[in-house]
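Chains as they are written, first to last, in our numbering: chain A, 1 to 476; chain B, 477 to 659.
Not one of these hints is a red herring.
No more than 30 Å apart at the CA atoms, straight line, and that leaves these computed lysine-lysine pairs for DSS-like:
id, chain 1, residue 1, chain 2, residue 2
1, A, Lys244, B, Lys505
2, B, Lys559, A, Lys17
3, A, Lys17, B, Lys633
4, A, Lys17, B, Lys501
5, B, Lys619, A, Lys285
6, B, Lys595, B, Lys501
7, B, Lys619, A, Lys17
8, B, Lys619, A, Lys244
9, B, Lys595, A, Lys17
10, A, Lys17, B, Lys505
11, B, Lys559, A, Lys244
12, B, Lys559, B, Lys619
13, B, Lys595, B, Lys559
14, B, Lys559, B, Lys633
15, B, Lys633, B, Lys619
16, A, Lys285, B, Lys559
17, A, Lys413, A, Lys285
18, B, Lys521, A, Lys17
19, A, Lys419, A, Lys285
20, B, Lys521, B, Lys595
21, B, Lys501, B, Lys521
22, A, Lys244, A, Lys285
23, B, Lys633, B, Lys505
24, B, Lys501, A, Lys244
25, B, Lys559, B, Lys501
26, A, Lys244, B, Lys521
27, B, Lys559, B, Lys505
It is worth saying that the hints were derived from the structure and are not from the lab.
This structure is a prediction, so every number in the text was calculated from the model and none was measured.
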Amino acid sequence: MDLMKENIDRIFREGLKNFEVTPPSEVWEGVMQARTYKKKRILPVFRYAAAVAVMLLVVGFLYTIINKPKSVESAALNLQNEKAIVQKNLQKDNPLPTQSIISARNDDNKSEEKTVQKNTDTEKLLIAETQINTIKTESEDISSVKVIQTRESTSTRNKTNKFLLAENYFPIESKNLSFFVDGKSIILNSKVGYSDKGLPVSNDFVNELIDQKIENDGGWSIGAKFSPLYSSRNITMSMPGNFKEMYDNVEEGIIAFSGGFNFKYKPADRISVHMGLFYSRMGQKITDLVAYDVPPYIASTFPVKDGFNNITLNSSFGPVVKSETYLYVEDITVARVENTYSLDYFDPIKLGLEGFDAEISQSFEYIEIPLLISYKVVDRVIDFQLLGGVSTNLLVGNNVFAEFDGQSINLGKTGDIYKLNYSSIVGFGIEYGFSDQLSFSIEPTFKYYLNSFSSGTRLHVHPFSVGLFSGVSYKF
Amino acid sequence: MESLPDIIQDCLEGDTNAQELLYNKFSGKMYGVCLQYSENYDDAKDVLQEGFIKVFLNLHQFKGKGSFEGWIRRIMVNTALEKYRDKHYLNRVDEDEAEKLEKVDYNVIDEMSARDLMKVIQELSPKYRMVFNLFAIEGYSHKEISALLEISEGTSKSNLSRARAILQDKLANYNRNLKNQVG
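Just chain A, same shape as in the assembly (with noise of 0.2 Å):
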């Protein structure tokens, strides 16, 4: 029975080994037309990521360039002005000298200022709210003149040049300006624009200024921060046909990891800086694939020299050239593998040698230089911001692993890829102070590598990764 088994199976492999049929001539002419398909243009969800990103950061920085809060030094000056238009009117309708104006103020028995609140706690600051009301003079009808709030912070007071100067322009130890006409008080805020009646009429603006003068507060900044991944990679093809789907089928992204240091410099009121260094971890996972362990008493009498490689696995990262020769690797879906021995010197089901499924996994790992830009689009105590720029990345480890019923085999390396890449990074960001130095980050990211990453192909291969990096950072 066996035999004649055999004999079906020879008379079959035999008659059939060189069959030939001339095929028709339109099977040419169609794989002329697939082959002159016009390159698609792959713009990839990531791409248009990386575009909205970008311009919601640039954006973001000319709002905050054209939109910038007057800087202390403005508002000085607006100030004065403020005190020299009103000082002007004053003079015009009611003469009454600077120096009498100003000695004028300190005289509290003749002021019907109202302190509303006066605040010293452990952080001393000082509080002051003050209403005045109708001050008439003869040329305006100045009613409800209003507010005056000033918040004085004297634990930092002295940190900032800025303020000092602001300060410079009131040598009074008063946090109000005051002036007194007629009996009447005039107490002027720092709001920049006028009413009709041409007083200030908001008291926003100094707790902007507090507010910016506290955030300016630690220019730089270092901290570490980690990150789990999901590291897979983009086929953007230069060919039609399904070559990207094929690959797509059989090569999976694996759970990677990223940390480092980074350091923050704040050039801006709500844009940093963010340089750093960083060790990753990327990579893939190649499947459908048949391994089988070849006895070294059976891997001897292959016709394998030395540097003549007998395996190698094509993968869209590149080829994984295996010296190894007890390992022999067969594709079951797709023409990956190239066998330098073909079945005809080496057949391993002949042999009866068991086949495992097999998985590679391709890892590679880069020392990162990110430089990167973020905005703050909310600026609380939980700080929300907007991340964007660009990393280099230097490879420096690349191993292959083949992973086969409970065994690890180091393959070697993934060939032709390149060593120095450069890769586009987006996110956003959430902080938490926890003191005035040190601060919890979240950062959800996108990393995309820009350059195609492996010469060995004529793909197009673009790695990326998403991670959710958490870590603590020190102003100094």
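Using the hints provided, position chain B relative to the given structure of chain A.
Below, chain B without anything else, positioned relative to chain A:
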């Protein structure tokens, strides 16, 4: 006459003439492979076309270290399998195929032309044809066939057994007809 590595290199550089040369060099034999895995010439033609498109797309991955013909052949076989897997063609069952076994004169059968053998194979239902081709011609194991065709190893073995029985019967018919013609 250009050598095969030179032709491949020219193909990689986009030389259309070299691509046509490569096609002409292997298309006949590969068409035979496609016929072996197909039910008719039209299906084989489609597989051949799709297979050669893949060959040109993947050509950069062939490093010249193995048999180029083996590499192309594998692409053709895989393309044929994909095509039939997509169609769920393999699940189709033909119940009308003979199962009886007759004694076969293998000396006579050895004289069968390749075209006749191909015709016999094509008459098999797809599920039997695929398993027989993969096992007897390509040398795959039942484990691999089960993965390739998404069937169990038991089904693979059973289909192979049925395929052999059917082929044996067809060969016996051929043998009988030949004897009748001679007699």
